[in-house]
Structure formats: C-alpha cells, structure tokens
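Trainee: Residues per chain are reported as follows:
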Amino acid sequence: MCSRFLSALAAFLTIAAAHAEERVLRVCADPDNLPYSNERGEGFENRIAQMLAGELHARLQYEWAPTLRGFVRKTIGQGLCDVFIGVPARFERVTTTRPYYRSSYVFVSRASTPIASFDDPALSRARVGVQLVGNDLAATPAAFALAARGVTDRVQGFPMMGDGPAAQRIVHALAEGRLDTALVWGPQAGYFAAHAGQPLRVSIAVPPPEAAGMPFEFAIAMGVKRGNRALRDELDAAIEKRRAEIDTILASYNVPRTDKP
Amino acid sequence: MRTTVNRVGNVLAGALLVLAAASARADAPANGEWPMAAGDYANTRFSPLDQVNRGNAKNLKLAFSFSTNTLKGMEAAPLVVNGTMYIVTPFPNFVYALDLTKPGANVKWKFDPKVSPASQGVACCDVVNRGVAFADGRVFVATLDAQVIALDAANGQEIWRRKLGEIKNGETITMSPLVVKGKVLVGNAGGEMGVRGWLTALDAGSGNIAWRAYSTGPDKDVLIGPNFKPFYAKDRGTDLGVKTWPPEAWKLGGGTVWGFISYDPELDLIYYGTANPGPWNPEQRPGDNKWTSGIFARDPATGDARWYYQWSPHDLHDYDGINENVLADLDIKGSTRKVLMHADRNGYVYVVDRTTGEVLSADPYHAITTSEGVDLSNGVLKYNPDKEPRAGKVIHDICPGSAGGKDWQPMAWSPRTKMLYIPHQNICQDAGTYEVSYIAGTPYVGADLKMKAGPGGFRGEFAAWDPVAKRKAWSLKEKFPVWSGALATAGDVVFYGTMDGYFKAVDAKTGDALWQFQTDSGVISQPVSYKGPDGKQYIAVLSGVGGWAGAVVSGDLDIRDGNAANGWGNAMRDLPQYTKKGGTLYVFTLP
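Protein sequence lines, in the order shown, are assigned to chains V and X. With the numbering used here, letter number 43 in the first sequence gets 739, and the count goes up by one each step, no holes. With the numbering used here, letter number 226 in the second sequence gets 253, and the count goes up by one each step, no holes.
In short, the hints are calculated from the structure, not lab data. The hints are all genuine.
Under 7 Å between C-beta atoms, here's a sample of chain X residues computed to sit facing chain V:
| id | residue |
| --- | --- |
| 1 | 148 |
| 2 | 195 |
| 3 | 220 |
| 4 | 275 |
| 5 | 279 |
| 6 | 306 |
| 7 | 308 |
| 8 | 311 |
| 9 | 466 |
| 10 | 467 |
| 11 | 468 |
| 12 | 469 |
| 13 | 470 |
| 14 | 473 |
Selected chain X positions facing chain V (Cβ under 8 Å, derived; list incomplete):
| id | residue |
| --- | --- |
| 15 | 273 |
| 16 | 274 |
| 17 | 307 |
| 18 | 310 |
| 19 | 313 |
| 20 | 462 |
| 21 | 463 |
| 22 | 465 |
| 23 | 471 |
| 24 | 472 |
| 25 | 474 |
| 26 | 582 |
| 27 | 583 |
| 28 | 584 |
Some chain V residues well away from chain X (every beta-carbon gap over 12 Å; in silico):
| id | residue |
| --- | --- |
| 29 | 736 |
| 30 | 743 |
| 31 | 755 |
| 32 | 756 |
| 33 | 816 |
| 34 | 873 |
| 35 | 890 |
| 36 | 897 |
| 37 | 899 |
| 38 | 938 |
Note that the structure is predicted; figures quoted are calculated from it, not measured. For glycine and all other residues, C-beta sits at the position ideal for the given N, C-alpha and C.
Using the sequences plus the hints, can you model the full thing?
Mentor: Here it is as structure tokens:
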C-alpha cells in the first residue's frame, strides 16, 4: 500500500518536474522493422507512441536501435530511452505493463491452395518458410513444432538479418511461389500478407500435440526499465484509457488477435 | 640454419628433417621477432629466447605501458617485426605501430579503419580482434565489419581494402589472418546469425580473392576434388556438405572460420577448424551437418581440400571446432609421427596424424558428460543421449558447457618440456528452464542456459598436458576461466593471464609460481616474447577484460540475468567485483 502510494507520488513528481520544463517521452524503437516501427514513423508502434505522447502531454523522441541481440542493454540499459512500445508480457529483461493485445503464430498460404494446419497431409511435402531467431539452439515455437512433427526436409529458414524483415522476405517468397506455406508471428504475417498484392490466407496456427508446452500465443505489453514502476503505472493508465484507439490502430495493420472474438 | 632446431623439437637427426623443421619457422626468425599471432606457423607460441628463466623471472619489471584508448575485450597478440610493435584493438579496430627503438616506445603511426558502428550489434560475443598479420613490409588487419585492409608497415598508409562479407547478413571477422605463400587467409564469424562459413585467400599484393572454400554445400563450393582423402569412411562421398543436411539448411549452416590457422611448409598444408552448425536447433537439422565442427587440411595455393575430420558430428552443444591446431613431431609407440594437437570445445585433447587425418588419441582434459569417448577405430564421438538438449526438457550438468572445455584461448607447446600448456575453463551448464525471448519483433522461447563452475567448484584451469602420456603433468586452478592465451619460452618459463587482472609466470616443468603482476583490467589476450633492439628479452601482453566470458564487465551486462551473455552471466556474476574495463599494453623485462 505504502510503496504503491510512494510510486504514485514519484510519478506525480516526475510529471510535475517535467512539466516545469518540457516532458519528453523517449521511446526505444527499431529504425527498420515494419509493421512495428521505422524511422519514417510508418509502423503501428510509431502510431501508438504518438498517441501515448499526447496522452502524457510529452514530446515524442526516438532512440533508434535494431531489436537484435542485446537491444535492451544497449538502449534502456544505457539510459538512452524509457519505453519499448511492444515486448512480450513475460519478457523478464524489462518491467512490463498490462498486455494490450495478444497474437499467435499463424499459417500464411496462398488462398487458392491453403495449407493451414499441422494435420494437413500436404504439409509434409510443402515448402515451409519459418523465421530463424538467430540464437544458438533456439527456434520459433512454430519451427519447433515442425521439427517435433518430423517436418524438416523442405523447411526454409529466413534469418533475422538481411534485406528487410524476415517476415517480409517469407511472404514475398510465398507470393512468388517459392514457398507453399509459412509459419510466421501474427502481427508480421498479417501486415505483409495484406500488402502481398495477391490473396493470401492468414490463419491462427494450432500447436500439434507433439509440441505441447511450446506456446504459440504471446501477450504483448509495453516495457520500461526494470523497477521503473512509476512510468509503468502511468502507461497502464494510458493503455486503459485509450484502449479503443489502440484496437483501431492494430486492426488497421491487420494484426491477428487471439484476445478478441 | 637458425637456432630453431630445438624449437620444433623432437626428433630424428637426419639433415632433411632438420631442414624441414627450420623451414617451418621460416617466417618466425630466431632474431627474436614475433611475426604472427601464434609466433610461428606451427602455432607453438614458443619463444626461443631464454634470458628470462626460472631463476630470474621473479625480477621481471614493467619496462613500459601504452593505453590503446579502447575499453572492450583485448584478445589480440602484439606482433614485433623490425624493431616495431603492431597492435590492433577491439572495435573500432585501431592499429598502432610502436617504435621499440625509442625509449617508451612512442607511436610511429596509428590507423583508423573506420569500421561500421553497426557491426557492434552483430558480433556475438563482445567486439574482439585477435591480431594483425605481417608479410613483406605490409600489415594486414581484418575488421569487425568483415573487411581486410593492407597497410604499409612503414607509415600506416592504406594500400588496399577488400570487403568480404555483409554485416547486414550477420557476417563479421574477429580472427587473426595468416599469410602463407603470398596469400592472406581469413575466415568469417557469425554462425548464430545464419551465416554460411568460409575461409578466403586474398592475394597479398592486390587484395584480389584467390579462392574461397565454404564449410557447407556442394563439393565445388567446399573445394573438394579428387585429392580429397579423409582418413575415415564416414567422411568420404560426394557432396556430403549437402547430403548431411535437410535440403535447404546447409545454405545457412554455419561452420564459420574464426580460429587460428596453422601451416606445415613441408607437407604444404594449412589446417583450420570450422565452427558449429547453425542456426537451427539440432532437431531441425538431422544429419552429420558436414563440414561443421571439424578440421580441414588444404593446399594453401588453391584451397584444394586434402582431408577432413569431424570433431563433433551433428553438434548439439555449440561446440565449435575452431580451436587451434599445434604442429609438432612426437615419438609415439616407438615411431616419430607428424601430428597436430588440438584441445576441442568437446573436452578432449586430440592427437591427429597431420599427413592423413587419423586420430591417434583423444583424451579428456575437462569434465565431460556429453559424450563417452572417441572410438579410435572409426573416429566416432560417442554422444551421451542423456545430455541431448530437447525443447522443453530440463537438463542438468552438461559438461563442458557451450563455451567448451576450452574456447578460442590458444595453448602453447614447448619442445623443451614436450608439454602443451592449455589455458581453459572448468564450466558446466544447466539448460532448459525456458524463458520468453524477443528478437526483431518475434517472440520465442529460448533455452535458458546457466553456466556454473564444474566439478571442484573452480572456474578456470591452466594445465600442462603431456600428449604422449595422455595426461596432465600439473595444473593450476583459477577462480575465473583462463581466457588468455599461453606463452612458452626457452627459459622454461610459461606465461598466462587471468580475468581478475594478473599476468603470471610459472615454471614450465612444475607449475610453481615464479612471478605475477596486477594489471588494471582482466587479461584475456595472447602474451608474446621478443628481443628488443637493445638485445634484451621482453614479454608483452594486452590487458582489457571482455570476450564472451568477460562481457559482463566490458558490455555492462546485467548480472541479475543469469542467462546474459548466452549463459555466462550466471557463472561470472562476481567478475565485476574483481576487475574493471581496460585497454592497456604492458611490456616487461629484467632490470
């Protein structure tokens, strides 16, 4: 009780102090990682950041850094910025707000020849694209599930590093007929599929029993420096107040949701 | 004939062999220079200088020091040629030439290669560089952003530069190039990013690419032809770099080349190791995953592969095969064998016939639970299935941990004591309490690796290994992993550094402590010895903690996060209490 009061007081004082000069909301963001963000402000996290800055009566300022290995340490960790607009709600390297959306790994395939289930017999013969997360012995949950099913022969990995986001390269390969289906993280799949120039189907992937314990769904929250509860509380309040607008922004980027009917 | 005969050691008296032995040292003159990172082509790191000996080492005093103006992990070896010392720093890869003929060794020139800052975010484990190369009046530096640059050694002027890889695809270079017969040999790093490994030969005069040998893919890419004769049947066949993978996986298969290269002028073969397969988890890449985690022997003129042996087929534990190969001739069971000696990440010291690729012995120098020995009849590493990583399964006491029994830190060989001096860690790990991770906007569940001290509770060891008797002669326990290279000398004094900042001299025969000096940071570099223009023997070492094991200090990692630095965070929690960042050259001599 007491500590909650103190952190609220601290938040109030921070705001008060900032108001005396000008409050700045320093957002850590990737300069080139649509649909989340880019330097031209075209991502949905850019839009949410702008909205948040308005809500907090602050000027928006970006610290651009690729969200690759060590991105927390090199940004918030060095005090260069204060908030990530989107991180997994259980991401332990930051203190997270309440989640504001939940998505899932999805199948993306051509609408004319959909392959959208681990039980589809066509899957074992299909050329399947997956994101490679680029850490030793790690893979996306969907890629783990493929391996657990014994589907390895025609799986193609797309590394995080390259020309543009891996999800964009995967959807491009699918549209060009170089892949038959793909397992991609929802927000990235939804956005790039909508911009593919041909009908693609995006469907929530249901994990097969062999991959029990591998989560396909992740709730996404904002993240602040560990222990910065004052800012966290402010952001929680802002998310609550502007929830409808956030939903509208996410919908306009075709983010597949599993927390919405 | 130079006084190199007793360096290479061993051996039969025959003039022919003596000649051959001397030629192996052709680029490492007995005039007391240190012309390449490993000292010589055989990678012995043995100095023929003997002014500093077991009796007087205790009198070593600081001759001079030099601040490099950098604060990341210093893993490089200083080179000494023609009265000049050449040093390369971690990113931004400054190159300094110090004039050893002047008191205090003032800076003759400094070169800033203007390395792309983006490369810092790509390098896996701190932004290290392991040393420059020197040949024919030129200094060759490989940069973190995957360029090789030739400099005029006299004035530091750039002669050519060649870009060899793409940072945006995850390629970096951290190794020390080796110049053999007019070719600059250099390989890439970045296996965890989905990089396909290669070794490239550049013409030292022009910088043009002479050949490139990939570590995965079809034989024509790997430079495997009719002269390829691996010792074991499992390594024979067509296009095994494709067939031992799922159809597409070899294209991103890893097998990078970031360790030291050795050269035998008599056999005219280079030897180097390939890194682990990647970036997939093992279940997604069934097969041996050739030619990763193994060793190639090649013709330096053409790159043509002659033999290969796989230390860790279908690697499960991040056991790169890049550790250095030390060349020597050993008397084994009554006959003299031309061998290479290799202490692998998988925990075994291998003695391999370097003409044929036959494994003569493989014996543990580190606690091992991941395998149960090497079958010498067929060369197979016998994995222990209980320690196989599986998604969602918690596995305790994986020994050695991902960094291996020994990582990059190079050992030394003394032809006088006939012992290998192996700097290494004593680290095991637990895997499998999976935690949510996030990269480039993609959430996943990563294996939470927690490294910890191995049996005995200490984390580092400096061991003298007898490769014929196949056992440790003596060993010293250290609080932290011994992440520095070793230096052996003809005075029977052996040198190494510790992560808590000591530079130590010990008796090569007994391991008895002779002398130590506290530097201002942890020592993780390669000590060298040279004869100065004044005729005195000097010992030089760079201090500056970092590297994979030391990134908790150089990278300001959060020590509350046990998974930081891919698992090292847990094992190195207390390092910040013992040392701080640094970047200083220390040079010692007798008064």
